[in-house]
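Student: First to last, the protein sequences are chains A and B. Note that my numbering numbers the first sequence so that position 48 is 48, with each residue one more than the last. Note that my numbering numbers the second sequence so that position 199 is 199, with each residue one more than the last.
Worth flagging that the hints you see were computed from the coordinates, not collected in a lab. In this text, a Cβ means the ideal position worked out from N, Cα and C, and glycines have one as well. Some hints could be false.
[As the list claims (entries may be wrong)] Take a look, some chain A residues computed to stay more than 12 Å from chain B by CB distance:
#1 R44
#2 A66
#3 G74
#4 G79
#5 P94
#6 R107
#7 Q149
#8 E233
#9 E292
#10 P308
#11 D323
#12 G326
#13 Q329
[What the hints assert, rightly or not] If we take Cβ atoms under 10 Å as the criterion, some of the chain A residues that face chain B in the derived model are:
#14 A72
#15 Q98
#16 P207
#17 L301
[Stated by the list, open to error] Far from chain B, by Cβ distances over 10 Å, these chain A residues were calculated:
#18 Y78
#19 A140
#20 D170
#21 P190
#22 A195
#23 H289
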Amino acid sequence: MTTVAVKPATMAQALTRAMRDAMAADPTVHVLGEDVGTLGGVFRVTDGLAKEFGEDRCTDTPLAEAGILGAAVGMAMYGLRPVVEMQFDAFAYPAFEQLISHVSRMRNRTRGSMPLPITVRVPYGGGIGGVEHHSDSSEAYYMATPGLQVVTPATVADAYGLLRAAIASDDPVVFLEPKRLYWSKDSWNPDEPPAVEPIGRAVVRRPGRSATLITYGPSLPVCLEAARAAEAEGWDLEVVDLRSLVPFDDETVCASVRRTGRALVVHESGGFGGPGGEIAARVTERCFHHLEAPVLRVAGLDIPYPPPMLERHHLPGVDRVLDAVGRLQWEAER
Amino acid sequence: MTVMEERGAYRPTPPPAWQPRTDPAPLLPDAAPYRVLGTGAAAQADPGLLRRLYAQLVRGRRYNAQATALTKQGRLAVYPSSVGQEACEVAAALVLEDRDWLFPSYRDTLAVVARGVDPVQALTLLRGDWHTGYNPREHRVAPLCTPLATQLPHAVGLAHAARLKGDDVVALAMVGDGGTSEGDFHEALNFAAVWQAPVVFLVQNNGFAISVPLAKQTAAPSLAHKAVGYGMPGRLVDGNDAVAMYEVLSEAVRHARAGGGPTLVEAVTYRVEAHTNADDDKRYRADSEVAAWRAHDPIDLLEQELTARGLLDEDGIRAARDDAEALAADLRARMNQDPALDPMDLFAQVYAEPTPQLREQRAQLRAELDAEAEESHR
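Just need the whole structure built from these sequences, with the hints factored in.
Tutor: This is how it looks when you write it as structure tokens:
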């Protein structure tokens, strides 16, 4: 009997591995961004790529996000498959015009003759003690733009599988990396990296019968912890990890809610105009007769992202999730 | 050595040492716009080139008139005229090889047509349709770009990608004087210079950004001077002199193709007509100003040279006009036919595979269309 060398890997390492494998498999894959070359990125996610593939394949660009994404558009027009790194969530905003006016709609306006296979990697969300402009949850902006796929992993294996899928996709993907999970670990066999996951499929991370917690990215560990704590209260919570915000997997989410009859959406992004509103509406429209209670949202506060010394009050934590679970109208059952 | 390593070599400098990284002198534009027509240099110009430019300019003027007429007949939603700027438009198209790429703005459909794209296709977006009409890959012409200057970084990325691949392809990107104030203009020129990408930036300084004159747009000595700050050559040229335009752009394309990097060319010209058919230029400029520029007309300048050298007679002029008239008649006839529009196409290319959400909306629209059809049959 042979033993497989299973080693712990961080989410950051899984992302690096995904880009490395994609670059090795396909010479048209190019990485570009600020500090991605010699330094390996401020989070070291592109570590070693410039050394292994050369600066033509992993390129330090001038410090200008619209220029980076705009150049990536031209590179994709010529047949390359660019993977762009935006250094932080809030530093991606200068690239919005390129993203919205060109990246998202080039396939459409050229009737399919010029699709843009661009992956825009954006480290997002809080919880790492970042000073202002380093902790935004920007997913709602991207979700509101037709033509973009919006993907966010919550586990080490998904970080690999979804990034490979994003790079392989012929349509643009905004790939949101939950930066507080960069150092989360899981065991894997480096000789057999995790499977490439299809974009657009949610997954049930924890089966349960009492209520469904619908979440993604940085809030998944919070929800899993809340589900464990809820056992003591007699609640058996199901946790759905969306993985892809666009396309949205109505099927998996609604199948779960129909089973449990109660739903709670959990995310760091502000509640007003946030993803939770869309998700709650979709669930209500599709599962109304299965619901025992209104779909509730547990979200970040509708304030500018707070300073690190106060951010714990903003981020939805286990207690806030459990409080909301308690408001799902259990009286009838008891 | 790879393309990027060649450019981005890290050279540490000890504290007191400083020297300019590039000698600015060779990058500076001439003191006045470069001219050929009406100067001694015109005699050197190739007769074949002069005739070719003339035929294209006459076609271009007629194309402009026809397109504006189509807006009045409701056949075009809007048309930004390039009357007075035909020399820039035509030269931009003619200096490129087949394998090169043109990046036009919305005012540059004439350049697109001169590059060989069917005028009906070139005008598809302006007609009010949902797509660009032509296939950009077929003609190596990027889609018309409306958000100002945002196509310039695309030209840089494409030219860079071609160079990485070892193809000697040049990208020529067109922008107006107003567009030079946009951030993407700055970022594109900076990227192009740092990467030494084979790009030619053609700024048509036509005097106005809709109603705002250049004086309210920039305090630069000239737009061509902006090149120096990026470390690339800036060229200043008379945009109404087709021969000068052809020479300067050709040289910039040659320079880029040979690995010399990008050039910024400022063509000094004038937007003789209003911004579009929806604009009223009497609110911001005097007729006398327009009249002065009409007296410096690109077609007249070329015609004078051709006539003086005996290269053009009445028959030649008539032949050029007949050719232009045929273009206009064909355009008119085809634009007067209603395009075949299928609302269901609106879902076809949002993604390679429609999302479940789009499939639902597609079914909803299908049902609405079916109900409409049933209603009209009653």
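Student: Check each numbered hint against the structure and report the violated ones by number, ascending.
Tutor: 2, 3, 4, 5, 6, 7, 16, 17, 18, 20
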